[in-house]
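Asks: What follows is each chain in one-letter form.
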Amino acid sequence: MKHRTRIASVLFIMGIAGTFSNPASANALKEAGKVALVAKTGMSVTPPRAWNSLALRPSKNAEIWTLDGEQLNKVTFFAGIASGVPLYKERNKKRESLPKMRADTLLVDIPELLEGTIRGYNNVAIFEVTNSMPAKFLGKDAIQFNYTYTDNDQLPRLGEAVATIVGGKLYMVTFEAPRLHYFKRTVEDYRRLVASASLK
Amino acid sequence: MKYLSKILAILLAVSVWPSAAFAQERTATKQGFELTPNSGKKILVFRPTVKVGAQSTGGLFEPNAQWTDDARKHLSNALRARKATLGNEVIFAPEPVGDDAIVLQEHMALFSAVSSAVIQYQFFAGNRLPTKKQDNKNDVFDWSIGDQVATLPGARDADYGLFIYNEDQFGSTGRKLLQVVALLGPRISVKSGEHRGYAALIDLKTGDVLWLNADSAMGGDVRDAEGATKRVSQLLEGIPGAALTASAK
Amino acid sequence: MKKLVASICLITSCGTSIKAEPLPTLPPYAGVYQPKGVDEIGLWQEDDEDERALRDSSVIIRDEKLTAYLKEVLCRTVGPERCESVRIYVLKESVFNASMSPNGTMRIFTGLLLRCRNEAELAAVLGHEFGHFEQRHTLKEFKKKRSATDALSWAAVLAAAASTYQGNSSYSDLRYSVYGELYRYNRDQEREADRLGVAYLNRSDLRPQAASEIWVNQMAEITVSSQAKGFKKPQFNKVAYTASHPPHLERAATMAALALPEGNSRDDGHIRYQNAIRPWLAQFLDDQIKVGDFGASEYIITSLAQSGWTSDLWHARGELFRLRGNPRDHVNAVDFYRAAIALDPLKAESYRGQGLSLMKTGQRAEAATAFNRFLELKPDSQDASMVKMLLQSLAEVKS
Chain A
352 MKHRTRIASV LFIMGIAGTF SNPASANALK EAGKVALVAK TGMSVTPPRA
402 WNSLALRPSK NAEIWTLDGE QLNKVTFFAG IASGVPLYKE RNKKRESLPK
452 MRADTLLVDI PELLEGTIRG YNNVAIFEVT NSMPAKFLGK DAIQFNYTYT
502 DNDQLPRLGE AVATIVGGKL YMVTFEAPRL HYFKRTVEDY RRLVASASLK
Chain B
239 MKYLSKILAI LLAVSVWPSA AFAQERTATK QGFELTPNSG KKILVFRPTV
289 KVGAQSTGGL FEPNAQWTDD ARKHLSNALR ARKATLGNEV IFAPEPVGDD
339 AIVLQEHMAL FSAVSSAVIQ YQFFAGNRLP TKKQDNKNDV FDWSIGDQVA
389 TLPGARDADY GLFIYNEDQF GSTGRKLLQV VALLGPRISV KSGEHRGYAA
439 LIDLKTGDVL WLNADSAMGG DVRDAEGATK RVSQLLEGIP GAALTASAK
Chain C
4 MKKLVASICL ITSCGTSIKA EPLPTLPPYA GVYQPKGVDE IGLWQEDDED
54 ERALRDSSVI IRDEKLTAYL KEVLCRTVGP ERCESVRIYV LKESVFNASM
104 SPNGTMRIFT GLLLRCRNEA ELAAVLGHEF GHFEQRHTLK EFKKKRSATD
154 ALSWAAVLAA AASTYQGNSS YSDLRYSVYG ELYRYNRDQE READRLGVAY
204 LNRSDLRPQA ASEIWVNQMA EITVSSQAKG FKKPQFNKVA YTASHPPHLE
254 RAATMAALAL PEGNSRDDGH IRYQNAIRPW LAQFLDDQIK VGDFGASEYI
304 ITSLAQSGWT SDLWHARGEL FRLRGNPRDH VNAVDFYRAA IALDPLKAES
354 YRGQGLSLMK TGQRAEAATA FNRFLELKPD SQDASMVKML LQSLAEVKS
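Chains as they are written, first to last, in this note's numbering: chain A, 352 to 551; chain B, 239 to 487; chain C, 4 to 402.
Just so you know, the hints here were simulated from the structure itself, not pulled from any lab data. Owing to the predicted nature of the structure, the values given are computational and were not obtained by experimental measurement. We treat Cβ as the ideally placed atom computed from N, Cα and C, and that holds for glycine. Watch out, some of these pointers could steer you wrong.
Said to hold, decoys possible - Covered stretches of chain B, going by a simulated chain A footprint (3 or more residues, C-beta under 8 Å): (1) 344-351; (2) 355-362; (3) 382-392.
Stated by the list, open to error - Lysine to aspartate or glutamate pairs mimicking EDC-like chemistry, simulated, CA-CA at most 20 Å apart: (4) C:K391 - A:E421; (5) B:K268 - B:D377; (6) C:K68 - B:D337; (7) C:K74 - A:E421; (8) A:K535 - B:E272; (9) C:K95 - C:D289; (10) C:K381 - A:E479; (11) B:K371 - A:E421; (12) B:K321 - B:D397; (13) B:K443 - B:D307.
All chains, please: the whole structure from these sequences, using the hints.
Replies: Shown next, in the form of structure tokens:
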């Protein structure tokens with residue numbers, strides 16, 4: 352009896368140790384030249400080079416791609432954000448509410464929507480939209496804008512985004528990277544991703 | 239009683255298991271990088287980030303100035319002692335002020351981000367990015383902190399920069415006991431102590447990471463001279479150009 | 004909202020004195036501080052590294068004029084001998100907070116600068132923080148925090164184990180009592196610092212009743228904020244600064260009681276303060292609004308407006324309502340922007356905001372007028388080309 356219990360407890364511990372080493376879902380490869388559906392929606396992207404998509408997602412309608420890790424280059428796809436919905440899943444709807452997409456949101460409002468989201472979710476105090484201009488995205492009239500902010504790792508970052516509204520829903524792709532070296536390094540790859548995007 | 243002590247013995251032995259269960263890469267060199275001893279190249283050592291303290295049962299980091307002072311002193315001495323064996327000329331970087339300090343701070347923050355990305359996404363088996371898995375297969379190690387390093391004070395007069403980050407949190411007895419109990423019942427993982435260190439050789443013209451040693455489970459006690467020497471050895475293990483490794487070949 | 008403040012005042016007898024306690028006296032100043040003991044040296048060392056990082060960080064506002072002004076207020080409060088060793092850092096973050104580390108680093112958050120209405124209120128908070136420094140509180144708190152978190156961890160493990168077998172966890176109860184203890188201990192220290200803070204004010208040339216008033220104001224802000232978020236009771240414990248400070252009513256009453264009654268007729272320095280902060284106000288208001296706490300922002304704006312509405316305040320209110328963006332909000336925003344423009348016809352950003360809200364209330368012709376004026380005043384604004392496109396689309400609809 353004692354002997355069996357001893358073995359049992361050791362096996363139990365081994366079992367626990369084993370669980371810790373297997374994460375639930377893994378980061379996925381987005382192969383060059385292969386069409387990828389984003390956030391399981393009708394928006395698709397055909398990357399000219401291989402990217403990685405992260406297992407961790409900010410919300411049901413969003414997906415993060417990276418080359419070297421989100422702290423160094425981060426592309427976020429927002430697909431089909433409807434009226435009343437925030438860009439990220441709120442941690443706490445009452446206490447930490449985030450700004451929402453609305454039926455009357457205009458293209459020119461979108462930078463403020465993103466700013467409020469990043470400031471609120473990441474507790475960021477330094478954020479500035481530096482440049483907004485008309486653009487085309489998914490074949491529609493869109494806004495393209497640039498921004499800067501400093502996150503909690505004390506690393507100043509630059510951002511670029513393009514966004515449009517189709518059928519009352521927001522479609523946006525953002526790119527963020529440290530302003531030291533990393534933004535400039537990957538911004539063209541990001542732009543190529545955007546150029547390859549389409550909506551079914 | 240005998241039965242209980244046997245269980246305890248198993249548990250204590252097993253308390254080091256979880257870290258062993260994750261096979262970890264620790265070092266990488268940029269493909270094609272070579273540094274031989276007495277090459278005439280100069281290495282610029284930046285002020286290392288050194289944090290030493292205790293980790294209470296509750297996981298709180300208790301900074302300990304005496305330990306940090308000792309560690310900084312011993313690590314510096316160990317570094318200087320290793321200077322000769324590094325095989326090439328070593329300069330210690332001047333302390334920057336004003337805007338220069340801010341720029342260095344940004345580089346240090348970026349170095350920390352890069353090192354953690356390397357561990358998270360290329361070294362650590364549990365969470366690798368597929369493209370980094372590919373790199374591992376092809377022996378590719380391609381990381382950088384950017385060519386603005388060339389503007390850091392002292393960089394103009396050297397070829398490579400040595401960046402060092404060292405953090406030690408010694409687990410208290412309470413913490414170690416907690417770790418054992420946690421393993422027994424609920425699915426809580428309790429880590430006792432943290433001994434992480436990153437050391438990198440950076441190309442001072444391009445910012446390329448030529449060599450990185452990144453370890454989140456280092457040994458040795460940095461608070462005394464012997465331990466610090468051991469730690470420096472670990473941090474600089476395999477550093478290209480070292481006369482030690484050269485003679486070992 | 005005035006009623007809210009009034010009712011709080013009724014309970015705490017704002018501005019009147021209760022001679023129940025002897026007035027606090029200042030301890031003799033021990034001189035430049037030297038750390039003693041392992042823990043203290045520990046924090047100091049970490050602080051020096053922290054100060055180094057702080058000094059070089061990107062969240063600091065490096066403005067000599069502002070920092071010099073703040074230092075001057077501190078020196079007039081605690082005296083030149085005491086303030087000499089203090090280094091002030093202004094952090095860009097919209098929280099009501101200030102803190103002081105054992106090595107003499109004082110961090111002042113821009114959210115505090117936004118909420119103070121005069122020098123006396125600022126002096127009250129800075130004096131309080133200096134009181135911690137003088138009494139070496141941070142070290143004691145750290146020691147206490149350590150043993151408290153030890154207990155917490157054990158409880159978590161044991162209770163979680165229990166819950167597996169019995170399905171019932173008493174962890175949450177234990178956590179409450181441990182945190183409770185932590186609160187009481189901290190609150191005693193905070194009471195000490197309050198007493199010292201008022202003592203400094205009493206001895207200064209500023210109005211000591213401000214210490215109680217700024218606290219009452221904070222409580223009212225939190226109350227309004229909680230209500231706006233849909234909470235039935237004010238969430239005092241969820242706000243960083245208040246979570247570790249003494250119960251609010253008690254605190255306000257104590258500080259009111261400790262203030263020298265004769266000091267009530269002193270200057271509170273509101274003109275000097277407003278002049279010093281004016282160049283920063285628009286930025287601080289903007290940061291606050293973008294935190295996304297409607298109730299708190301609305302309260303702050305209207306509280307500041309008690310000494311007179313300015314174009315900055317009206318504009319901020321317009322932005323606040325427009326960004327929340329409920330249908331009625333745009334109607335109000337239009338009026339607020341109009342008020343800002345009335346006080347400052349060259350306020351370009353107000354035309355932009357007004358134009359957006361006018362569009363959303365269906366007033367397209369008026370919107371076009373506002374956008375045109377915006378572009379006239381600020382042709383190189385960062386989104387000028389987007390606004391031009393808006394104008395084009397408005398013109399198309401008309402024709």
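Asks: For each hint, tell me whether it holds in the structure or not.
Replies: Results for each hint:
{"no.": "1", "hint": "344-351", "result": "holds (count 6)"}
{"no.": "2", "hint": "355-362", "result": "holds (count 3)"}
{"no.": "3", "hint": "382-392", "result": "holds (count 5)"}
{"no.": "4", "hint": "C:K391 - A:E421", "result": "35 Å, violated"}
{"no.": "5", "hint": "B:K268 - B:D377", "result": "9 Å, holds"}
{"no.": "6", "hint": "C:K68 - B:D337", "result": "19 Å, holds"}
{"no.": "7", "hint": "C:K74 - A:E421", "result": "41 Å, violated"}
{"no.": "8", "hint": "A:K535 - B:E272", "result": "28 Å, violated"}
{"no.": "9", "hint": "C:K95 - C:D289", "result": "12 Å, holds"}
{"no.": "10", "hint": "C:K381 - A:E479", "result": "18 Å, holds"}
{"no.": "11", "hint": "B:K371 - A:E421", "result": "16 Å, holds"}
{"no.": "12", "hint": "B:K321 - B:D397", "result": "16 Å, holds"}
{"no.": "13", "hint": "B:K443 - B:D307", "result": "33 Å, violated"}
Figure legend: structure checked against the earlier numbered hints; hints not met, in rising order: 4, 7, 8 and 13.
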